[in-house]
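Peer 1: Last residue of the sequence shown? That's 155 in the numbering used here, and every number before it is there in order.
Keep in mind the hints are simulated off the structure, nothing from the lab.
All C-beta atoms, glycine included, are put in the ideal place defined by N, C-alpha and C.
No more than 20 Å apart at the CA atoms, straight line, and that leaves these computed lysine to any residue pairs for SDA-like:
no., residue 1, residue 2
1, K51, C67
2, K51, L91
3, K51, R66
4, K51, T63
5, K93, L15
Derived CB-CB ranges, DEER-like:
no., residue 1, residue 2, range
6, D112, R5, 18 to 26 Å
7, V104, V61, 13 to 21 Å
8, G87, P142, 44 to 52 Å
9, V104, S(-5), 19 to 27 Å
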Amino acid sequence: LTFNMEQMFSTELRREWSERPPNVHLIGNLPFSVSTRLIILWLQDISQRNNAWKYGRVPMTLTFQKEVAERMAAPVMTSQRCRLSIMCQNWCQVHHKFNIPGSAFLPKPEVDVGVVHLVPREVPVIDLPFPLVEKVVRCVFSFRQKYCVRGVESLFPRGSWEWLVPEMME
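Please put together the full structure from these sequences, using the hints given.
Peer 2: Pasting the structure below:
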């Protein structure tokens, strides 16, 4: 989880962030046990333009457990929308391309696989530092959706959340 991909590419491939993506594309069949953690680390690298993303808006085509792939690309106001959806879609354009049945792999996993294409955005939807966005999103989604107010309360000091939370939720 700590490998720096930056050393894998020639410096001639480097592009400005506002230019078209460089001639580099990350493709991977990620282990399901670390895929969510890894994509969050890579999103942080994208936000800081570190690692492979020092070369520009390097796109990725990755496999995830089907349900994870669906959540990554979940539209606003759907039941699949979650912390992962917001984090991925904030820093990347996310496209759930297709599914592959588990029977296509050896050894056969117990789940189906979703192929997701991610292209870093020139400017994030919420253009704030990664740690701040991650903390707010984590707090909002720390409870079931109908109780998300409780998660938002934890963002404010005691005594002030009674009036700040309703204002934020409007």
